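What follows is the residue order along each chain.
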Amino acid sequence: MTISADHEAQGLADARPDDLEANDQASEVRRKFGISVEDYMLPARHQIQMVDPSGTLKPEAEQGTEPGHEYPIPGDSELMAAYEQLVVGRRVNDQNSALVRQGRMAVYPSSHGQEACQVAAALCLREGDWLFPTYRDAVAVMSRGVDPVETMTIFRGDWHGGYDPTKHKVGIQCTPLTTQLLHAVGVAHAAKLRGEDTVVLAMCGDGATSEGDFHEALNFAAVFHLPVIFFVQNNKYAISVPLSHQSVAPSLAHKAVGYGMAGERVDGNDLVALLAVLDRAVKLAREGSGPLLIEAHTYRMQAHTNADDATRYREDSEVAEWTAKDPISRMTSYLTDRGLLDDDGSTRIAAKAEAVASQLREGLGEDVPVDPQNLFRYVFSTPTSQLKEQSALLADELAREASSQKEAGK
Amino acid sequence: MSPAVTTSSEATERAATGDVSSATASAAASAAAVAEASGPQTVTMAKALNTAMADAMEADSSVLVFGEDVGRLGGVFRITDGLMATFGEQRCFDTPLAESGIVGMAVGMAMNGMRPVIEMQFDAFAYPAFEQIVSHVAKMHNRTKGAVKLPMVIRVPYAGGIGGVEHHCDSSESYYAHTAGLKVYTPATVADGYRMLREAIDSDDPVMFMEPKKLYWSKDQVDLGALRAEHAANASAGSSSEGRAAVARPGTDATLIAYGPSVPTALAAAAAAAEEGRSLEVIDVRSIVPFDDETVCASVRKTGRAVVIAEAHGFASVSSEIVARVQERCFHYLAAPIRRVTGFDVPYPAPKLEHYYLPSVDRILDAVDDLQWEN
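Protein sequence lines correspond, in order, to chains A and B. All residue numbers in the first sequence are consecutive under our numbering, ending with 524. All residue numbers in the second sequence are consecutive under our numbering, ending with 680.
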């Protein structure tokens with residue numbers, strides 16, 4: 115089934131009444147997205163929010179949904195698994211920030227406050243699917259099953275990456291903004307050509323939507339009708355520059371319609387709504403909907419990195435406002451009220467988070483010996499004669515340095 | 306969806322077991338038709354490049370060709386002519402008009418089992434893709450300690466001499482050669498067009514394949530069937546001419562070091578010099594990265610004199626690098642400083658001015674005359 119603005123989809127808006135199958139498809143699309151092609155491509159008028167900041171489930175009529183935008187509440191076991199990752203994710207963020215203060219890591223762009231987005235982005239995917247994260251998405255990478263210490267190697271300083279992207283189907287934590295969205299498009303394209311049902315979720319931030327590769331990636335994905343979910347965490351700032359300086363679109367999700375794909379916006383601090391929206395997006399993409407754009411409204415609670423001073427560009431009152439919308443406290447209240455979370459459960463989850471934190475402390479506290487010959491080993495599959503020459507030069511220099519130190523030591 | 310498209314390892318297995326799908330078989334039949342005419346024939350570099358892609362696509366269903374206008378049109382230079390018709394729209398296709406998108410998507414495809422061969426329509430049109438090339442194509446293997454290989458070829462029609470308008474004649478090879486992690490090849494002969502493009506497609510590392518557009522329609526007597534057999538023999542023996550320079554014309558008095566579009570100019574200069582009784586050896590660099598110090602330096606040690614010729618601006622360029630490398634390795638063999646004949650350090654000129662800019666036979670001979678023959 116096709117839901118992008120290609121020729122098939124245009125036919126859906128006025129399906130022939132005598133064609134039962136086409137009719138079924140059209141009503142299926144209407145049920146899922148609204149009443150017309152243009153309608154289902156536009157996001158709902160408001161962000162989808164299912165659980166409010168106090169942790170109370172909102173009445174369906176107030177969830178921001180409209181016909182075609184209704185979402186079922188995810189199952190209990192999914193909610194509990196996600197909650198566990200949420201608590202672990204917060205602990206990971208705070209532990210990593212502490213390790214930076216202690217000088218164990220050069221830098222850490224924390225996703226503190228955005229953990230619900232991080233967790234949902236990883237958990238909505240199947241094992242064979244791919245995730246393409248940015249530098250701020252370490253918690254999403256870990257939630258996908260990558261070893262925490264391997265995830266953090268990029269910030270430890272001994273190599274530019276620590277995990278094998280092909281093993282976990284998680285792209286590198288990409289630093290140049292939105293360049294990874296095109297890699298996501300390519301992975302999905304290759305899978306489609308082989309007839310595989312892989313879904314790819316590609317992450318970026320609000321500032322990144324200004325980059326040219328954002329446009330190229332969305333357009334390529336739409337033109338080739340690929341199962342890619344573009345997941346924008348709108349945390350309101352690109353380092354210091356607010357969203358109003360990046361875009362005056364009604365919302366970032368509205369950008370979807372220009373590419374002929376559907377968009378949706380969701381409360382990025384409401385884990386329930388995030389899972390509901392992303393689960394459906396993954397399902398639709400796998401069924402052949404083409405790409406989708408999801409914008410999550412969240413907030414970067416801390417500075418861009420430890421090197422940044424957020425007080426220079428935003429008010430404390432704004433931060434306080436978002437503290438009240440914290441994704442963890444609302445989920446804790448909601449699950450407790452529903453009787454899914456009790457003291458035992460909380461204790462067990464806290465212990466798990468503590469175990470991951472101690473794993474990080476150990477792994478990043480360790481002085482990993484670096485091998486200078488690694489400089490030359492991985493530039494090409496087989497080192498060129500130029501690199502062999504330079505590797506020998508450095509080895510020789512180091513050997514002479516070592517022997518002169520030995521001499522001096524005598 | 307075409308079940309015929311597989312990963313390269315699967316394709317190798319299939320080829321080994323003789324299990325070839327019908328789509329691939331028909332492609333093979335059409336490629337075989339090209340090969341039928343055995344023995345040397347008049348072949349253009351364009352045809353050699355086209356045949357190299359067709360043969361690679363036939364041999365391995367993970368080889369894909371895409372870019373702007375490469376499908377139905379066959380490319381603005383017709384280098385991909387017939388590939389869509391032969392291999393289908395899944396294997397050779399047009400993309401939206403966005404170079405960063407083409408390269409970035411190729412990165413993802415290469416990560417996921419494909420061997421993309423992509424075309425940048427003109428040298429200067431590749432610049433929007435520069436970030437993808439420098440930040441990802443060149444670095445992915447290194448940052449993942451070899452876990453992710455990017456077996457992709459970025460074909461760039463480059464350099465001038467065709468009377469092209471602005472942005473159509475840049476010699477951009479130095480940007481890529483300066484970037485660690487990219488191989489940079491540039492063929493100068495029809496046979497090398499075939500040979501080197503096959504090697505580039507076989508490479509597990511990304512290759513910037515710089516095609517001298519003024520040589521697209523150069524002709525030579527070439528036996529494509531023999532080249533195909535040579536490639537197959539090299540592949541099974543694990544040997545090739547990859548990364549090697551070639552002696553394009555042997556000589557004894559001085560060495561002209563050239564690559565790509567400058568090789569025919571250097572050969573013409575050597576022919577003219579021969580009439581004046583001077584024997585010039587011409588080295589065709591072929592592979593800028595990796596660079597064949599051995600072949601180049603062997604020639605300079607023999608002749609004791611050298612001129613480096615390149616169309617690109619001389620400042621901070623491939624030609625500067627060659628001069629530096631040769632003098633570091635051959636200083637005591639040199640009878641004179643190494644000279645360069647390059648494009649001037651100006652933006653590539655308009656068509657009516659380009660002949661002043663390009664290295665010419667006269668400029669090369671003048672440089673040769675300056676090699677302190679009295680010493």
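Source of the hints: derived by calculation from the structure; they are not laboratory data. These figures come from a predicted structure and were not determined experimentally. Please note that the accuracy of each hint is not assured.
[Unchecked claim] Derived coverage of chain A by chain B (criterion: at least 3 residues anywhere in the stretch with Cβ under 8 angstroms from a Cβ of chain B; other residues may be distant):
| # | stretch |
| --- | --- |
| 1 | 194 to 208 |
| 2 | 292 to 304 |
| 3 | 332 to 345 |
| 4 | 467 to 473 |
[Said to hold, decoys possible] Keeping only pairs whose Cα atoms sit at most 30 angstroms apart, straight-line, the calculated DSSO-like set for lysine-lysine is:
| # | chain 1 | residue 1 | chain 2 | residue 2 |
| --- | --- | --- | --- | --- |
| 5 | A | Lys-281 | B | Lys-454 |
| 6 | A | Lys-281 | A | Lys-306 |
| 7 | A | Lys-439 | A | Lys-306 |
| 8 | A | Lys-520 | A | Lys-502 |
| 9 | A | Lys-350 | A | Lys-439 |
| 10 | A | Lys-350 | A | Lys-306 |
| 11 | A | Lys-502 | B | Lys-524 |
| 12 | A | Lys-502 | A | Lys-439 |
| 13 | A | Lys-350 | A | Lys-172 |
| 14 | A | Lys-281 | A | Lys-439 |
| 15 | B | Lys-454 | A | Lys-502 |
| 16 | A | Lys-439 | A | Lys-172 |
| 17 | A | Lys-439 | A | Lys-466 |
| 18 | A | Lys-466 | A | Lys-281 |
| 19 | B | Lys-657 | B | Lys-524 |
| 20 | A | Lys-397 | A | Lys-172 |
| 21 | B | Lys-450 | A | Lys-306 |
| 22 | A | Lys-502 | B | Lys-450 |
| 23 | B | Lys-657 | A | Lys-281 |
| 24 | A | Lys-306 | B | Lys-454 |
All residues carry an ideal CB built from backbone N, CA and C; glycine is no exception.
To see whether the hints hold, each was checked on the structure:
Only residues whose C-beta sits within less than 8 angstroms of a C-beta in chain B count toward coverage, and the stretch 194 to 208 of chain A has 0 of them, not enough to reach three; the restraint is violated. A count of 11 residues in the stretch 292 to 304 of chain A with a Cβ less than 8 angstroms from any Cβ of chain B is obtained; the coverage claim is therefore met, three being the minimum. Residue count for the stretch 332 to 345 of chain A with a Cβ under 8 angstroms from a Cβ of chain B: 3. That meets the three needed, and the coverage hint holds. Residue count for the stretch 467 to 473 of chain A with a Cβ under 8 angstroms from a Cβ of chain B: 0. That is fewer than the three needed, and the coverage hint is violated.
Straight-line distance between C-alpha atoms of Lys-281/A and Lys-454/B comes to about 13 angstroms, which keeps the hinted pair within the 30 angstroms bound. Distance restraint check for Lys-281/A and Lys-306/A: the Cα-Cα separation of roughly 20 angstroms lies within the 30 angstroms cut-off, and the hinted pair is therefore satisfied. Taking the CA atoms of Lys-439/A and Lys-306/A, the gap is near 40 angstroms; set against the 30 angstroms cutoff, the hint is violated. Distance hint between Lys-520/A and Lys-502/A is fulfilled; the C-alpha atoms sit about 27 angstroms from each other, no more than 30 angstroms.
Between Lys-350/A and Lys-439/A the CA atoms are separated by roughly 14 angstroms; this keeps the pair inside 30 angstroms, and the hint holds. Between Lys-350/A and Lys-306/A, the direct Cα distance comes to roughly 34 angstroms. Violation of the 30 angstroms bound is thereby established for this hinted pair. Taking the CA atoms of Lys-502/A and Lys-524/B, the gap is near 38 angstroms; set against the 30 angstroms cutoff, the hint is violated. As the CA atoms of Lys-502/A and Lys-439/A are separated by approximately 56 angstroms, the hinted pair breaks the 30 angstroms bound.
Pair hint Lys-350/A plus Lys-172/A holds up; C-alpha atoms about 25 angstroms apart against a cutoff of 30 angstroms. Note on Lys-281/A and Lys-439/A: the hinted pairing is violated, with a Cα-Cα distance of about 36 angstroms set against a maximum of 30 angstroms. Between Lys-454/B and Lys-502/A, the direct Cα distance comes to roughly 20 angstroms. Compliance with the 30 angstroms bound is thereby established for this hinted pair. With a CA separation close to 15 angstroms, the supplied pair Lys-439/A and Lys-172/A stays within the 30 angstroms bound.
Distance restraint check for Lys-439/A and Lys-466/A: the Cα-Cα separation of roughly 24 angstroms lies within the 30 angstroms cut-off, and the hinted pair is therefore satisfied. Between Lys-466/A and Lys-281/A the alpha-carbon distance is near 24 angstroms, which keeps this suggested pair within the 30 angstroms criterion. Straight-line distance between C-alpha atoms of Lys-657/B and Lys-524/B comes to about 26 angstroms, which keeps the hinted pair within the 30 angstroms bound. Under the criterion of a C-alpha separation no larger than 30 angstroms, the hint pairing Lys-397/A with Lys-172/A is consistent with the structure, at around 24 angstroms.
For the suggested pair Lys-450/B and Lys-306/A, the alpha carbons sit about 27 angstroms apart, so the restraint of at most 30 angstroms is met. Between Lys-502/A and Lys-450/B, the direct Cα distance comes to roughly 17 angstroms. Compliance with the 30 angstroms bound is thereby established for this hinted pair. Restraint check for Lys-657/B and Lys-281/A: the C-alpha separation of about 56 angstroms exceeds 30 angstroms, so the hint is violated. For a cut-off of 30 angstroms, the pair hint linking Lys-306/A to Lys-454/B stands: about 20 angstroms separates their Cα positions.
Taken one by one, the earlier hints fail for this structure at numbers 1, 4, 7, 10, 11, 12, 14 and 23, listed in ascending order.
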